[in-house]
Amino acid sequence: MHPALSVILFTVLSGIGTGMLVWLPVNLGIGDLPAPGIAQWSADRWFGVAAFCVAFGTIAAGLVSSTFHLGHPERAWRAFSQWRSSWLSREGVMSVALFVPTGLFALGVVLFQRADGWWLVAGFVGATFCLVTTFCTAMIYASLTPVRAWNQVDVPLNYIVLSLASGAAWLVAIARLFDQPFSYADLGLVGAAVLGLTWKRSYWKLIDRIHAGRDEPGPTTESAIGIARTRAQTARPLDPPHTEQNYLMKEMGFVVARRHALKLRRLTMLFAFILPVALWFLSVWLIAPVAAVLLLIGAISMTAGLLIERWLFFAEAKHTITLYYRGN
Amino acid sequence: MTSLPANRSTKRLGLVIDLDICVGCHACATNCKEWNSGGHAAPLTDLNPYGADPDGVWFNRIHSYEVSGPLDAITVHFPRSCLHCEKPACVEVCPTGASFKRAEDGIVLVAEDLCIGCKLCSWACPYGAREYDPSEGVMKKCTLCVDRIYNENLAPEERVPACVACCPVGARHFGDLGDPESAVSILVAERQGADLMPELGYQPTNKYLPPRPRRDRALNDKDPRCLDPVAAADKIGSSLHPFLRWVDRMLGDR
Numbered sequence: 666m667h668p669a670l671s672v673i674l675f676t677v678l679s680g681i682g683t684g685m686l687v688w689l690p691v692n693l694g695i696g697d698l699p700a701p702g703i704a705q706w707s708a709d710r711w712f713g714v715a716a717f718c719v720a721f722g723t724i725a726a727g728l729v730s731s732t733f734h735l736g737h738p739e740r741a742w743r744a745f746s747q748w749r750s751s752w753l754s755r756e757g758v759m760s761v762a763l764f765v766p767t768g769l770f771a772l773g774v775v776l777f778q779r780a781d782g783w784w785l786v787a788g789f790v791g792a793t794f795c796l797v798t799t800f801c802t803a804m805i806y807a808s809l810t811p812v813r814a815w816n817q818v819d820v821p822l823n824y825i826v827l828s829l830a831s832g833a834a835w836l837v838a839i840a841r842l843f844d845q846p847f848s849y850a851d852l853g854l855v856g857a858a859v860l861g862l863t864w865k866r867s868y869w870k871l872i873d874r875i876h877a878g879r880d881e882p883g884p885t886t887e888s889a890i891g892i893a894r895t896r897a898q899t900a901r902p903l904d905p906p907h908t909e910q911n912y913l914m915k916e917m918g919f920v921v922a923r924r925h926a927l928k929l930r931r932l933t934m935l936f937a938f939i940l941p942v943a944l945w946f947l948s949v950w951l952i953a954p955v956a957a958v959l960l961l962i963g964a965i966s967m968t969a970g971l972l973i974e975r976w977l978f979f980a981e982a983k984h985t986i987t988l989y990y991r992g993n
Numbered sequence: 100m101t102s103l104p105a106n107r108s109t110k111r112l113g114l115v116i117d118l119d120i121c122v123g124c125h126a127c128a129t130n131c132k133e134w135n136s137g138g139h140a141a142p143l144t145d146l147n148p149y150g151a152d153p154d155g156v157w158f159n160r161i162h163s164y165e166v167s168g169p170l171d172a173i174t175v176h177f178p179r180s181c182l183h184c185e186k187p188a189c190v191e192v193c194p195t196g197a198s199f200k201r202a203e204d205g206i207v208l209v210a211e212d213l214c215i216g217c218k219l220c221s222w223a224c225p226y227g228a229r230e231y232d233p234s235e236g237v238m239k240k241c242t243l244c245v246d247r248i249y250n251e252n253l254a255p256e257e258r259v260p261a262c263v264a265c266c267p268v269g270a271r272h273f274g275d276l277g278d279p280e281s282a283v284s285i286l287v288a289e290r291q292g293a294d295l296m297p298e299l300g301y302q303p304t305n306k307y308l309p310p311r312p313r314r315d316r317a318l319n320d321k322d323p324r325c326l327d328p329v330a331a332a333d334k335i336g337s338s339l340h341p342f343l344r345w346v347d348r349m350l351g352d353r
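Protein sequences appear in the order of chains A and B.
Under this note's numbering, the letters of the first sequence match residues 666 to 993, in that order.
Under this note's numbering, the letters of the second sequence match residues 100 to 353, in that order.
By construction, these hints were calculated from the structure, which means they are not laboratory data.
Among the clues, some could well be false.
[As the list claims (entries may be wrong)] To give an idea of the chain B side of the interface with chain A (calculated C-beta under 10 Å), a few residues: (1) VAL122; (2) ILE161; (3) HIS162; (4) TYR164; (5) LEU219; (6) CYS224; (7) GLU251; (8) LEU295; (9) MET296.
[As the list claims (entries may be wrong)] Chain B regions said to be covered by chain A (calculated; three or more residues, Cβ under 8 Å): (10) 149-156; (11) 171-183; (12) 192-205; (13) 210-217.
[Claimed, not checked] Selected chain A positions facing chain B (Cβ under 10 Å, derived; list incomplete): (14) SER731; (15) ARG755; (16) ALA893; (17) TYR912; (18) ALA953.
Note that the Cβ used here is the ideal one computed from N, Cα and C, for glycine as well.
The shape of chain A in the complex, shown without the other chains (with noise of 0.2 Å):
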């Protein structure tokens, strides 16, 4: 499948604010309970107002990024009507109505530097509404039949754990910029890194043999022109229906090259995994203003990594499309 900027942008960004969002009142709400060395965060104004506004602005971002696509962006807003039948129009809808709660909590933070009572529970609403809205966005793609390296549960698992990694990873940066103690994000990021790391590359193990014909077979260019069911015969592609690329061919024949493939997630585990949790252990040792630089550099990182992963998510998803046009 084609890898649209665009796309990749709204994915990965919108990823980073809902994940901020689901770790923010966690760690302002609940205290020292379970595990020892974990504080709380205080409510304190300015951080608030820092950590709302990259998670706000990174999911503005992201939908706006997100019309760059559209053939018709001013006719955006139809989008939201087809919640009963479609992950697009839900995940429109989600993503729009994630910012009442949230919003509310950010209002009790900054205004008020209050994070209990109501205002908590409108910030652990909102951080469902953050997971409800990063489900949507993986459902669009693990809904499509046609797509086999999409169309697994493994997707939309992916995509919450690596939106929980990049949000803890930028989350705990800016808290020690603002000397916000040891807390649950600090947990979540080096865990959701390793859980991210762990799933992606089962699930790249996964579409290899889904590519290379060893897992349960799909449609083949047999199936696809009718002929399967009558002999035993195999179809190979002769002449094309026409010289030149067309619409489908670009956007669904998109070919990537395995050995960039192989290349590009090397640095998608470096990058997006490996070199976050490594600065994140390093900065543990060191005094607040060098900790907060070196987890700044690491959730720059990651989400670097975060787009190449998503690069690669489409670059290397296949279509059916193309047993027509290559017979594979």
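Use these hints to put chain B onto chain A, whose structure you have.
Chain B in isolation, oriented as in the chain A frame:
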């Protein structure tokens, strides 16, 4: 509404395409383009039509395949267009309500004044039936010539899709596949008409009649089989002494 119609009638208008007869002349694609350039989905834009890299929106694309059996290989010409599925995911994924399936006859259409051009429907179609028009910013697709088949300004025999009207060999048939007594349904039953990629569960309305198994007669008859491949002959040649091979090359005209 992009939810599928709850009160669907039993009528399933669609095409039956005979892969045994189709000669791959592209007349159906050409007449489709001609009619629909002025029809329901007009204009059917071409981009850079006279340049080095022409592109454009077509509802019908004719592929050709080499189909190899145990004995022989045949060429199969395969016209690919919208199958007007009973479970069209392209309709359900549409966020705006622009894509819809008609309750009364099952035709899948796009309301172009509602389409935002997000292209998700084209991703959801395994058959590549939908093509995006970048100059109009909307998605376009086969309308089953909805502006011909009910058009009382046309003579009754012309109230069929443009692709069916012009097929010079009679490889395309139009009718109600929901009626088991209709001519197209009988044809599908007789010839074991197939669904494309039935494993994906889209339940396409259009059916494809597979090539007749005429070549199998060579098994029983004394008919000549396929010729020995040239590549194999060359392989034998390569086992010759280099001098003899040189002689062979000098003498032969290859």
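Supplied contact hint for A/ARG755, tested at 10 Å Cβ to chain B: Interface hint status for A/ARG755: holds (9 Å vs cutoff 10 Å).
Outcome, coverage of the segment 210-217 of chain B by chain A - at least 3 residues whose beta-carbon is closer than 8 Å to one in that chain: holds (count 5)
Evaluation of the interface hint that places B/LEU219 against chain A, nearest CB under 10 Å: holds, 6 Å
Residue hint B/GLU251, partner chain A, criterion CB-CB below 10 Å: With a minimum Cβ separation of about 33 Å from chain A (threshold 10 Å), the hint on B/GLU251 is violated.
Chain A contact restraint for B/TYR164 - C-beta distance below 10 Å: The hint holds - B/TYR164 has a Cβ within 10 Å of chain A, the shortest such distance being about 4 Å.
8 Å C-beta criterion, at least three residues: is the segment 192-205 of chain B covered by chain A: With 6 residues closer than 8 Å to chain A, the segment 192-205 of chain B meets the three-residue bar; holds.
Agreement of hint B/MET296 with chain A interface, Cβ distance less than 10 Å: holds, 4 Å
Chain A covers the segment 171-183 of chain B, three or more CB atoms within 8 Å, holds or violated: Contact hint for the segment 171-183 of chain B vs chain A: holds, 4 residues under 8 Å.
Satisfaction of the A/ALA953 interface hint, Cβ to chain B closer than 10 Å: violated, 45 Å
Chain B contact restraint on A/SER731 - CB to CB distance below 10 Å: Given a least distance of 9 Å, the restraint on A/SER731 holds.
Cut-off 10 Å, beta-carbon criterion: hint that B/VAL122 touches chain A: violated, 12 Å
Restraint outcome when B/ILE161 is required to lie within 10 Å of chain A by C-beta distance: holds, 5 Å
Of the numbered hints stated above, those contradicted by the structure are hints 1, 7 and 18, listed in ascending order.
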